[in-house]
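Whole structure, please, built from the sequences with the hints as guidance.
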Amino acid sequence: MSNPQTRTERREALIAAGAIPSSEETAVAEDTYRPEVSPRVRDAVYWTTLATAAASALASGVAGIWFPDIAPQVLATGGVATTVMGIIGGGVGVVYRPGRTT
Numbered sequence: 001m002s003n004p005q006t007r008t009e010r011r012e013a014l015i016a017a018g019a020i021p022s023s024e025e026t027a028v029a030e031d032t033y034r035p036e037v038s039p040r041v042r043d044a045v046y047w048t049t050l051a052t053a054a055a056s057a058l059a060s061g062v063a064g065i066w067f068p069d070i071a072p073q074v075l076a077t078g079g080v081a082t083t084v085m086g087i088i089g090g091g092v093g094v095v096y097r098p099g100r101t102t
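Quick note: the sequence shown, position 41, residue 41 per the numbering used here, numbers continuous.
Check each hint, because a few of them may be wrong.
Unchecked claim - Cβ-Cβ distance ranges computed for the label pairs, FRET-style:
hint, residue 1, residue 2, range
1, V94, I20, 23 to 29 Å
2, P21, L50, 36 to 42 Å
3, S22, G86, 38 to 44 Å
4, E12, T48, 48 to 54 Å
5, L75, V41, 27 to 33 Å
6, I70, V95, 33 to 39 Å
7, A19, P72, 42 to 48 Å
8, V95, D69, 40 to 46 Å
9, I65, V41, 36 to 42 Å
10, I88, R10, 42 to 48 Å
11, G64, G90, 49 to 55 Å
Derived from the structure by calculation, the hints contain no laboratory data.
Nothing here was measured: the structure is a model prediction, and the numbers come from that model.
Ideal Cβ positions, reconstructed from N, Cα and C, are used throughout, including at glycine.
Now the structure itself:
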């Protein structure tokens, strides 16, 4: 069941058939790619997400000590805020994808 073709021969055949792009076409695509999200927006979202997570952690820690009567509500609110910001930050990371070729 051995295949007499080498890997290079199979690749050349696939390129000739148009099944896969050549390395030159791939290089051009990599050079022309621009993320849909600007670096400024990306940085703003990441810094806001970081600040929200830090504020949530601080509020959750302090609420249990200084405000034990409202601690459960503070923890729930912080959990929701951190989850939402994590989803937004993750979405921006997926859209940004600087390593994407197409």
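Evaluated hints:
no.: 1; hint: V94 - I20: 23 to 29 Å; in the structure: holds (25 Å)
no.: 2; hint: P21 - L50: 36 to 42 Å; in the structure: holds (38 Å)
no.: 3; hint: S22 - G86: 38 to 44 Å; in the structure: holds (40 Å)
no.: 4; hint: E12 - T48: 48 to 54 Å; in the structure: holds (49 Å)
no.: 5; hint: L75 - V41: 27 to 33 Å; in the structure: holds (30 Å)
no.: 6; hint: I70 - V95: 33 to 39 Å; in the structure: holds (37 Å)
no.: 7; hint: A19 - P72: 42 to 48 Å; in the structure: violated (58 Å)
no.: 8; hint: V95 - D69: 40 to 46 Å; in the structure: holds (42 Å)
no.: 9; hint: I65 - V41: 36 to 42 Å; in the structure: holds (37 Å)
no.: 10; hint: I88 - R10: 42 to 48 Å; in the structure: holds (43 Å)
no.: 11; hint: G64 - G90: 49 to 55 Å; in the structure: violated (28 Å)
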